[in-house]
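Spelled out from the first residue to the last, the chains are:
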Amino acid sequence: MGQNNEKNLGWAPFVIGFILAFCVGWIFFGKHFAVPPLYGKLHQPVLFSHEVHTESAGMTCEDCHYLEPNGTWSGIPRLDKCIECHEEPQGETKAEIEFIKNYVEPRKEIPWLIYSRQPKNVFFSHAAHLKIARFECKVCHKDLGYNDKPPVYVYSRLSKYPQNYVIVMEDCMRCHKKFDAPNYCFTCHK
Amino acid sequence: MHVESSHAEKYVMVIDIDKCTGCGACVIACSQENNIPVRTDETDKYRSINWLVIYRITNGEPPPKTKVAYIPRPCMHCDHAICVHVCPAQATDKDRIGVVSQIYPRCFGCRYCMAACPYHARVFGWWDPVFPKGTERGLNPDVSTRMRGVVEKCSFCHHRYQKARDKAIAEGRVILKDGEYITACAEACPTKAIYFGNIKDPNSKVAKLVKSPFAFRLLEKFGTEPSVYYISRQEWVRRQADYYLEEIHKKAHE
Amino acid sequence: MLTRRDFLKFVVGGAVGTLFSPLPWRMADEMVLFSQTWTYQPPKGKEKWVYTLCQLCPGGCGLKVRKIDDRVVKIEGNQLNPVNRGGLCPLGASSVQLLYGEHRRVKKPLKRVGERGEGKWEEIEWSTALNILTQKLQELRINGHGYTVACLDGYRNELVSGLIRRFCQAYGTPNYLTMPSGDETTSLVINALQGHEGHVGFDLENSDYILSFGSGLLEGWGAPVRMQIAYRYIYENPFKPKAKIIQIESRMSDTATRVDEWVGINPGTETALALGIAHVLIKQGIYNQEFINNYTAGFDSFKKLVLEQYKLERVSKITGVSKEDIIRIAKEFGQAKRPIAIWGRGKGDIPCGLYEIMAIHSLNALIGNINRKGGVICFNDPSETWWPEFGLDEIAKKTLSEPRIDTSKFPLITSLLYRFAENVNSQAHYKINALLIFEANPCYAAPDPALFIQALKNIPFVVTFTSFLDETAKYADLVLPAAFFLEKWEGITTPRGLQYPIFGVSKPVLKSPYDVKHPADVILTLAKNIKGIAQAMPWRNYKEVLKAAVKKLYQKGEGKLADKEYLVSLNLDGSSLPGSFEAMWEILNKCIWFNPNVKKEGFKTASGKFEFSPKELNLSHYEEWELKGEKEEFPLMLIPSERLMLTDGYLGNAPYMVKALPNTVLIKNDLVVEINPATAAKYHLIEGDKVLLKTPFGEAKVRVHISELVLQDVIAIPIGLGHNAYDEYLEGKGINAHQLLGYAKEKLTGIATWALSRANLIKI
Amino acid sequence: MDAALIPPGVKRCSFKKFLIWIACVSVVLAWGVYAMILCFAKGLNQTNLNDYFGFGLWITLDLAVIALGAGAFFSGFLRYIIGIDELKNIINLAVIVGWICYGSALMILGLDVGQPLRGWHIFWYANVHSMLTEVAFCISTYFLVLCIEYLPIILENPELDKNRFIHIFSHNLHEYMYIFAAVGTFLSFFHQGSLGGVFGVLYSRPFAFREGFFVWPWTFFLFILSAVGSGPAFTLLIAWALQKATGRKLVKYNVLELMGKIAGIMLSIYLVFKLIDTYYWAIHILPEKGMTITQCYQGWFGPYGLWLLVAELGIFGIVPALILISPLRKKEFFLIIGALFDCIGIVINRFVFTVQTSAIPTYPFDKWVVYSPSWQEWATTIMVIALGVLVISLSYRYLPLFPQEKELNP
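Going line by line, the protein sequences match chains V, P, W and S.
No gaps in the numbering here: position 167 of the first sequence is 483 in the numbering used here, and each next residue is one more.
No gaps in the numbering here: position 48 of the second sequence is 1308 in the numbering used here, and each next residue is one more.
No gaps in the numbering here: position 39 of the third sequence is 113 in the numbering used here, and each next residue is one more.
No gaps in the numbering here: position 372 of the fourth sequence is 375 in the numbering used here, and each next residue is one more.
A hint or two may mislead.
DSS-like cross-link-like pairs, simulated, lysine-lysine; straight-line CA separation at most 25 angstroms [what the hints assert, rightly or not]:
| id | chain 1 | residue 1 | chain 2 | residue 2 |
| --- | --- | --- | --- | --- |
| 1 | W | Lys-673 | P | Lys-1437 |
| 2 | V | Lys-424 | W | Lys-585 |
| 3 | V | Lys-424 | W | Lys-118 |
| 4 | W | Lys-638 | W | Lys-678 |
| 5 | W | Lys-314 | P | Lys-1465 |
| 6 | V | Lys-436 | W | Lys-141 |
| 7 | P | Lys-1481 | S | Lys-370 |
| 8 | V | Lys-424 | W | Lys-120 |
| 9 | P | Lys-1468 | W | Lys-314 |
| 10 | P | Lys-1270 | V | Lys-493 |
| 11 | V | Lys-436 | P | Lys-1325 |
| 12 | P | Lys-1437 | P | Lys-1427 |
| 13 | P | Lys-1325 | S | Lys-255 |
| 14 | W | Lys-118 | V | Lys-397 |
| 15 | W | Lys-673 | W | Lys-411 |
Cβ-Cβ distance ranges computed for the label pairs, FRET-style [to be verified]:
| id | chain 1 | residue 1 | chain 2 | residue 2 | range |
| --- | --- | --- | --- | --- | --- |
| 16 | P | Val-1390 | V | Val-331 | 53 to 63 angstroms |
| 17 | V | Arg-433 | W | Ser-109 | 17 to 27 angstroms |
| 18 | S | Ile-279 | P | Pro-1462 | 43 to 53 angstroms |
By construction, these hints were calculated from the structure, which means they are not laboratory data.
Ideal Cβ placement from N, Cα and C applies to all residues, glycine included.
Using the sequences and the accompanying hints, generate a full structural model.
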């Protein structure tokens, strides 16, 4: 019962409890630290540098990522695209050698980790966003196309979905509202 | 910046009942296109998932005067879609191209829309979706499979619109040509009894067809304003499409 | 020490702290994602459209196949095809399920280990399977028993049929059997009356009065999709249709309810009605005098016959059709500009009697609409001339001289499946040592399947080439997985009843997920390995056979390529053949070859005229079908009812098709038969009652659906269900109508049809 | 054994006897729970609902219990707002009955949806135009109110009351109870109404459709009236049943009679409007949709025949109304019959709106479909009732529900 005369800890237990839970929540369930149990980190199978390709090699985004004539998006190029140039190693960097050894020679498709992977039941039209809205890639993909070293891939162990760089429904709808683009169920869901 | 394409689109379906032989190709094509599950026993027609149903009606005359007609019934995509009004979770809405669109993962299966829809166009997933072993390889990636416990219905093959539009955009257009976007059932129909197109485009086939004196819609008196029109030159067929109070009906005809 | 109260504070603090952390929101988010995607979602991929031709029925439809990466996800009609003009039938539309249905496909060669019919298998390699097969055939041939090997060919308008026939020849067996169908009798009759051995087409689109003796124009007769389009074309304007269609049958089928008139006729009396109509035509002199005089022989005896023996009273009594109706129809028929009388019950698979077709076709002769617009068109299918000559070795020569096992008593007809079974069982002539079955399912679809199953048990070595684990496979010693039509090369010849020849090359659209081979390729390998028949099969693989065929077609230079978008119309124009064979082969990947203005074949009988009474057959006359059982015991008549949503025989219904069946066909697992209210009253039955349906061939529990659309004392049974093989979506659903219908025989020809049978109902 | 927990000065049956009783109830409960688990695990294929009958026994139950639970808010309203003091003698019971009714309604609703995991969507993605949203919000908030109203009653348990803090707390709660009564009344008016709206707005279902006032169809108001017309009757039925079960007098007859009177008056008012409404519907709304009243009923005696209409408005409508407003109610027998019929009538009304609406063929060429619940549906329904019995038993045993009990049983 309440009327014990031992020394009362006052607010201390509350504060301790608060801070403890607060930190646990942020460390283990916040994306930024991405430590288990909920989140995991992965690295791209190949140390790919957009910077090298765009600046040194002087390629443009459209060389690899483009709109098919039927309006679908090419997405990430398949291995044969890489092989066009990387049949022979370009330079002696460790990454390059690795890449040739592991993928080009055995002709094995690269299991890229896709930062902006959406659930399979979501429809997204690159065509509309590029040709009608005239968005630049970075509007959605942020700096992904410019970095020299692929950023770490943070994903949720439960739903297996990527967490950093991913666009969620709220973002889509906000933007669609802003530009009063259609915002109906079937606009994105299928 | 305003990215909404300026042109008006409202897609409607016109079904010529006199041309429909009830062969059922549309139903199969629909099922194949829209990843419709199939159970080993589907003889309970009130619990069988179909986006497109064919009703068989007869003129009630004894042979040899008997006449049979078939009424293929997709979702009516009503302009006054009661299902949209009543859905408590905004899981369904009226699209800008006239399609009553829907988010399956949003729906929590209260079935209020089913109670509301007089066309029985909405069906419920009573069981987990199953596909005959092996045939999941034949599923269409443009349409998501629906989990148990949600309401689903015909979407006018909206994914085909998305594809057609993407193609148009790639070719630098925003307006689709007539026939560029048609539903799977219209595509399959051997007698081409199903027409589909943009009614706002005055040159489209459907725009002309709906003006036909024989064009009508199901249960118009209920005031749901369906987007699916039917054509039949047979009086008895038209009579069965809606309720008539004899005397009122007679007056209308005199 | 911590008091309870302090602990509470701690907990509360914890709870509040959690609320201020992302934890709860993240978890909610995760839950949403989880419940969004907990069903299997098909993977995305690159889309691709490829063209091919349907081989699921003799319809010859052009198909457009949608592929995602290497998966086939959709079948659609190909607009570049004058036959189906972009249309499709339920079966074609559901072929994806047939392709991928794992429980029904044969995935690897199977060797029987259990008893016949037990369905116990051992998976073996193709090489082993082929060795077994080659050795067996080799041995039998060398010992001069080649003729004891029988081949049952289930193909209809696929080119491979020719190859199989050729193989039988070279190997030296006369016993080349086909699955019974209406075509058999048709070619027999046309050959007898007109001396024409080629294809028979019906130019319905141009006819203005169609007298259909039970042909299910909308139930899949001839080329199903072509007929659907023809219907649409004829009734384009319902107020003045381009033709008047009269449907004559014992059950008012959908066709009957949608055409101008239905004439209810007693089952199996079509011949009498046809002759009755002839009676009126001749009596009233409304027939084509000029044609009769110049192009026909034996008219007078025919005239004598119908005038004397087919007085309307008699006909009316036999058929149950009123005199007035007969007279009226006859007049309408005679006075129409381009009338046509067509035969072939239901889908046309149900055999017709010889005299039935003779009688019906003689109506066409009376009106003289043979080989003219809107009439019966006879021409030679190009494929018939393609096969190069080849020499037979001594063994073949010797064994080929042996008589066929099935048609000994009936020289007219080429193949009689039920006689084969009977003779095998009775060991009447000689023992059959081996049977090769090609994509056929006689244990389900043969007249009286039980009889055939018995026969299989008496044949020591049975091999079946099939894509599906069907009833027949259960009784075979060797089951060889045949490539499904989407997985193989095939040549498609003119579909049943089409009025112009076509040829299409159907190419594989995907690499089979299973270990299958094209039976044709198997035959070619056999030919190489069996001594003495290689010379007949100079091709390396089946694709080469097709190439050779197309080359022949190209060299002939006739016809066009159907590379236009065909709409519902009569439009039959195409572009002329390209400059080179290679180019033609290329184009044939996309569309077909056809010849709208093909040379029509005149009368090649001895007299050079249309024979009303060919000597070997003499005059067509009505005789009752030989029915098993006594009228007293079986007072009712059982007839099959066909529909597009049901396939009969080798192809079991796809799951989607079973799903689409109405409750008037299937309720739970019970088959539903149709009876007339009067019959129902007589037997005290109400809608949905369970009854025991008994026929001389068997009995089964079914439910009744009471409908005025069937004649009194007639029971209509849906044909195509009641499989006990394939997968859980088909097995055990309904009753196999063949088991109950058995067969009725025609005395002279021995033709067996399952068009009717005596029956009885017992309430339970 | 549990003597300490039993309120002072009242007599209760032996603990053993009580345990046996609870055991019996629990068996039924367990059966229901089993059915419930089945439905959650295997999905709604366990029911006999189908695409024609999206709503069935469960929704009927929800509508019915919510109507019958209206006794809580209405007597609360009369007691605290209007100030009819006698009602304090039964208000506790009324609150508990209400709490049970709403609790079970929520429980069944949770069971009735195809994706219970997503139940919260109705709040998170609420569609303000949907009557169901209104219902969900009002019911759940009102249930909270009921909990608050129930709380002080629980806290009056002697053992709990010993605690100083709790004592004071519950006392204060009592002080402010009128606020909650007011809030409850407000909410209840809305969700009772919107429950009616749920069907009234269906212009695609001529049988249920009603024109109306502002956004609310007439059924909105009819449901409110019918609820207050039956709620009090139900409460008094429970009170009476409790007396019969325990063999003790708990409330003075005049209180019961007062409840009966209130119910009678409200029911009569309701019936007047209902009859007008039915008439207007038959001669105006239906013809507008091209239908006749005969198309809405399956003959006279079919499963959905006209007998339903007669029963609802006649035998179980006008009859109880007359009994309850007439002096007849002074006789206990008639009072109970009246109350009973009253409740039955309302249940029929809710049933008709839920099930018959779906049973009527919508296409002229379609046919009537009959629905009969599966055992799982019945089991869960009965479970809910068992739950109610359990709660009442416990409350009666351990809480001082009836202020008059002591003086009535010296």
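Here is what the structure says about each hint:
1. Lys-673/W - Lys-1437/P: Violated, because 42 angstroms separates the two Cα atoms, which is more than 25 angstroms.
2. Lys-424/V - Lys-585/W: 21 angstroms, holds
3. Lys-424/V - Lys-118/W: 19 angstroms, holds
4. Lys-638/W - Lys-678/W: Not OK: Lys-638/W and Lys-678/W at ~36 angstroms, beyond 25 angstroms, violated.
5. Lys-314/W - Lys-1465/P: Given that 25 angstroms is the threshold and the Cα spacing comes to 22 angstroms, the pair holds.
6. Lys-436/V - Lys-141/W: Given that 25 angstroms is the threshold and the Cα spacing comes to 18 angstroms, the pair holds.
7. Lys-1481/P - Lys-370/S: Roughly 19 angstroms between the alpha carbons, so the hint for Lys-1481/P and Lys-370/S holds.
8. Lys-424/V - Lys-120/W: Holds: Lys-424/V and Lys-120/W sit about 18 angstroms apart, inside 25 angstroms.
9. Lys-1468/P - Lys-314/W: Since the Cα atoms of Lys-1468/P and Lys-314/W sit roughly 21 angstroms apart, the hinted pair holds (cutoff 25 angstroms).
10. Lys-1270/P - Lys-493/V: The given pair, whose Cα atoms are some 21 angstroms apart, holds under the 25 angstroms limit.
11. Lys-436/V - Lys-1325/P: 53 angstroms, violated
12. Lys-1437/P - Lys-1427/P: 11 angstroms, holds
13. Lys-1325/P - Lys-255/S: It is violated: about 75 angstroms lies between the C-alpha atoms, which goes past 25 angstroms.
14. Lys-118/W - Lys-397/V: 20 angstroms, holds
15. Lys-673/W - Lys-411/W: Roughly 23 angstroms between the alpha carbons, so the hint for Lys-673/W and Lys-411/W holds.
16. Val-1390/P - Val-331/V: 53 to 63 angstroms: 54 angstroms, holds
17. Arg-433/V - Ser-109/W: 17 to 27 angstroms: 18 angstroms, holds
18. Ile-279/S - Pro-1462/P: 43 to 53 angstroms: This hint holds: roughly 49 angstroms between Cβ atoms.
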